[in-house]
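Colleague: Quick note, the sequences are listed as chains A and B, same order.
In terms of our numbering, the first sequence opens at residue 981 and continues consecutively.
In terms of our numbering, the second sequence opens at residue 206 and continues consecutively.
Read the hints as simulated data drawn from the structure, not as lab findings.
As the structure is a prediction and not an experimental result, all values here were calculated from the model.
Honestly, I wouldn't trust all of these hints.
To be verified - With a straight-line cut-off of 25 Å between C-alpha atoms, the simulated DMTMM-like cross-links for lysine to aspartate or glutamate are:
id	chain 1	residue 1	chain 2	residue 2
1	A	K1265	B	D644
2	A	K1267	A	D1177
3	A	K1267	B	E710
4	B	K327	A	E1208
5	B	K587	A	D1004
6	B	K614	A	E1012
7	A	K1136	B	E394
8	B	K614	A	D993
9	A	K1041	B	D272
10	B	K434	A	D1009
11	B	K587	A	E1033
12	A	K1037	B	D644
13	B	K587	A	E1029
14	A	K1286	B	D644
15	B	K434	A	E1303
16	B	K587	A	E1303
17	A	K1209	B	E275
18	A	K1159	B	D339
19	B	K434	A	E1012
20	B	K587	A	E1208
21	A	K1037	B	E350
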Amino acid sequence: MRYLPLTPNDRQDMLATIGASSIDELFVDVQEDARLDGPIRDLPMHAGEMAVEAHMKKLAKNNSAAGDMPFFLGAGAYRHHVPASVDHIIQRGEFLTAYTPYQPEIAQGTLQTLFEFQTQVARLFGVDVANASMYDGSTACWEAIVMARRITKRGKAVLSSGLHPHYVSVAKTMARFTKDQLVSEAPTLEAATDGADLLDQIDDDTSCVVVQYPDILGRIGDMSALVEKAHSHKALLIAVVTEPVALGAIKSPGQMDADIVVGEGQSLGVGLQFGGPYVGLFGCKQKYVRQMPGRLCGETVDSEGKRGFVLTLSTREQHIRREKATSNICTNSGLCALAFTAHMTLLGEKGLRELAMLNHKKAVAAADRLVSIQGVSLLNESFFNEFTLVLDKDTRPIVRKLADQKILAGVSLGRLYPEEGALAHGLIVAVTETTSDEDVEALATALEGELA
Amino acid sequence: MNMLTEGRPTKQDENLAVPDQSALKTHTGNRALMVDEPLIFETGSPDRSGVDLPEAPFVESRLGGLDRDEPISIPGLSEAEMVRHYTRLSRQNYAIDVGLFPLGSCTMKHNPRLNEKMARLKGFSDIHPLQPVDSVQGALGLIDELATWLKTLTGMPAVAMSPKAGAHGELCGILAIRSALEARGDAREVILVPESAHGTNPATAAFAGYKVEDIPANADGRVDLDALKARLGPDVAGVMITNPNTCGLFEPDMKAISDAVHNAGGLVYCDGANFNAIVGRVRPGDLGIDAMHINLHKTFSTPHGGGGPGSGPVVFSDALAPFAPLPFVEKTEAGHFNLVEEETAEDHHGDSFGRMVAFHGQMGMFTRALTYMLSHGADGLKQVSEDAVLNANYVLRSLEDVLDAPFSKSGPCMHEALFSDNRFTNGLTTLDLAKGLIDEGYHPMTMYFPLVVHGAMLVEPTETESKAAIDQFIGAMRSVAERANAGDEMLKSAPHFAPRRRLDETLAARKPILVWQEPEEYAEAAE
């Protein structure tokens, strides 16, 4: 057993030290009828590396990998190129196999990267502070709603129809138990975001308005008027960013005075991974920092006056505050945060802006090509690297059919909103730096075939 | 065991003066391999980048007039600098790869590298969560296979795979309990949690809207069954119990506890953080448990990564299975895998309490955990728990003469050994011993947890340590414990040899500096 160092002799020596005659004696507290007489049945016995690898490769081969074919899916998870050095860094054993940095004297590596991560996220979002990560964007979004309730002592959250339907679904699940009131609707196929409609929903009972930016259909809306209205009712504006690369091209939510900004950080460093692990980003204004969920890393000094970093403000957290904690979160997404920050460090502002404009302009060119197809129109007036096409047919069967032809065409609105017949003709298409002109041409040709 | 540290005898230069090392100052402040690394904000530049990108097409942008017109102020590094920056920082970390990590209730076992290799197969790492299900049959098959392992190992009929970590799994379990009770029109309002529980337990119950009350413990460090029975009643929704418990002991009355809770109309949640002690040897399903989360990053060796990502699938009894969250994977008779989401749930999973996360859970951790399980097999996993328990008992019996072990008379421990600071003198604390252990080259044990023991020290060696490594650790522990018992002042200022001395946590909390500030802003903040 290649991971287990004890030899039979070791075990005998150790049992002798303990004063037990057998291993079974150590399990004496287990009630007799729950003791198993041997290895659990119906499971295979141990296997060597080669056998395990063969098994896993067989499973892996039975998937269509994005890199092997034209690929246009987005809607909350984006395929970006991850530089080789990023994956190397996160595989350094000192990062990979470290624990949560509760012993700061021997965890400065993790702590300093978290401090740098927090600073990068805060600057990207245009807010004062950010935490050391959450599970993912959808759970960060719900935690932000709960945080707004704590701050405003109100229980009504107004969700934009442009918020990712899975994020809405998570919030609805939780709100059912916490008795928060959620106002939410499915989007409509219009060029403008629902900002104007949301204004009317904000009143003195509202804790927060939750707006995705760019939204699920790819539209980019100015949040300034919403922020103003929310603040006039002492409600908060929560901005949700599912594609952080966009903020290399468009104004930060903080610049529009958003109070809490959350997001999905998967785009940088993490990869698609079938939906997880991802990394939730969470930032806010300084005045709300003590209401934040999750771990925070802060600067301090050691007993010789040297700068160092520690986890701080932990009196908000479950291991100190127990049932009065701001959240039950413990383990977060440390290693994904490292991947995010390492990728961001490699980019810097210059690289981020270039990457963002490359994504955007490739998307513009792709949109132009795709709307030249008979039976295809573009919903968006504005977008970053993702836009919604409206076809003259249901898109869901087309997406399935093209997948069989090894073209991953995008996310059909029918998949995301199966109940909303009016959306069935919508197709969300994402284009990143990894999308080639040939990919776009392949999609265009296939769509022409389907719509002819 | 004694290490040979003398080296091969060589002839020494007798005229060589050996200076007093403490007086030696270097120009940089560094000490050979112990090198401080500045922040990227001090060395990088917003104009520098370690990424080369192709030219963008010449098209007009369509950003709706919202172009980012303010500086982002995120510095960049070239690749060479970036690799060195993080490599240098990594060397200031303790990690399993560096040494034994005796952190109780955290199960810091070796992280096999085959797991990493498998997680990086493009068929797992490069697939999108919203791809048509026909294009991800292998991924769904993997989830189903891992689910089968988890159900078989726990003897439970159902499992929810999507929870992102242990605490998220707890939430999943408690929401299922609440859903089941609400479905029978009997919501109830109290969850009982032992004082010795992880902080996530009461935080989770409160997050789900329950009132939290303590379960009393007896002098043996276990649940007081009679007191628990007396408290059960129509207002109690359920209990959250950690088994093996956080005192390192198996709850011998577990089945009786479950029966009592069930008879009173409640449900039993088990915190599976300590599953490593019994995996492959005892099935929680045989103990009457209704829900238990499994930390794949503890028991099944997926890396802790400096604080995550975790993964916390939750196994369910028949009573709770109908309420499990979406999405989940379902195998048809023809061997095809379907994904049950909101759309299809109404047909045959209408009682589900809903969705907890955007996508399918921690796929990257599933691949690693399954790789680990296949490597060990049923026989290897049984050996895992046996060796983990053997190692912990060996530590307990090798240290109980120098450290107070409050429950050493309660019988064998499970996979972790618990000590207190009762024998320390001269005001020395558990924290001092822990920091002394750092100087000996070890990450400290879990400190001040569980709360029921004064100055608790919870030691979990795990099964992936050799006897020699454990003997060395015991030697270090004995030495530091003897110093603490003797009141050695030097421990109060430990660690002396770490990259940093003790850090001022009070200062950090009083005037939080959570992001880097330009030096002038920094000066203002410090005023």
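Colleague: All hints, please: hold or fail.
Modeller: Structure-based check of all given hints:
1. Taken as a hint, the A/K1265 and B/D644 pair is broken in the structure, with Cα atoms around 40 Å apart against an allowance of 25 Å.
2. Straight-line distance between C-alpha atoms of A/K1267 and A/D1177 comes to about 29 Å, which puts the hinted pair past the 25 Å bound.
3. Distance check on the hinted pair: A/K1267 and B/E710 sit about 21 Å apart at the alpha-carbon level, within 25 Å; holds.
4. For the hint pairing B/K327 with A/E1208, the CA-to-CA distance comes to about 46 Å; that exceeds 25 Å, so the pair is violated.
5. Taking the CA atoms of B/K587 and A/D1004, the gap is about 12 Å. The hint holds against a cut of 25 Å.
6. Straight-line distance between C-alpha atoms of B/K614 and A/E1012 comes to about 21 Å, which keeps the hinted pair within the 25 Å bound.
7. A C-alpha spacing of about 23 Å is found between A/K1136 and B/E394, which places the hinted pair at or below 25 Å, so the restraint holds.
8. Of the supplied pair hints, the one linking B/K614 and A/D993 holds, its CA atoms being roughly 22 Å apart against a limit of 25 Å.
9. A threshold of 25 Å between alpha carbons decides the hint, and for A/K1041 with B/D272 the separation of about 42 Å lies outside it, so the pair is violated.
10. For the given pair, B/K434 sits about 20 Å from A/D1009 by alpha-carbon distance, which is consistent with the 25 Å threshold.
11. A C-alpha spacing of about 22 Å is found between B/K587 and A/E1033, which places the hinted pair at or below 25 Å, so the restraint holds.
12. With a C-alpha separation of about 44 Å, the suggested pairing of A/K1037 with B/D644 is violated against the 25 Å cut-off.
13. The straight-line distance between the Cα atoms of B/K587 and A/E1029 is roughly 19 Å, inside the 25 Å bound, and the hint therefore holds.
14. Distance restraint check for A/K1286 and B/D644: the Cα-Cα separation of roughly 18 Å lies within the 25 Å cut-off, and the hinted pair is therefore satisfied.
15. Pair hint B/K434 plus A/E1303 holds up; C-alpha atoms about 23 Å apart against a cutoff of 25 Å.
16. About 35 Å separates the Cα atoms of B/K587 and A/E1303, which puts this hinted pair outside 25 Å; it is violated.
17. Taking the CA atoms of A/K1209 and B/E275, the gap is near 24 Å; set against the 25 Å cutoff, the hint holds.
18. For the proposed pair A/K1159 and B/D339, the alpha carbon gap of about 38 Å is over 25 Å, so the pair is violated.
19. For the suggested pair B/K434 and A/E1012, the alpha carbons sit about 23 Å apart, so the restraint of at most 25 Å is met.
20. In summary, the hint linking B/K587 to A/E1208 is not supported, as the alpha carbons are separated by about 61 Å, beyond the 25 Å threshold.
21. Distance check on the hinted pair: A/K1037 and B/E350 sit about 14 Å apart at the alpha-carbon level, within 25 Å; holds.
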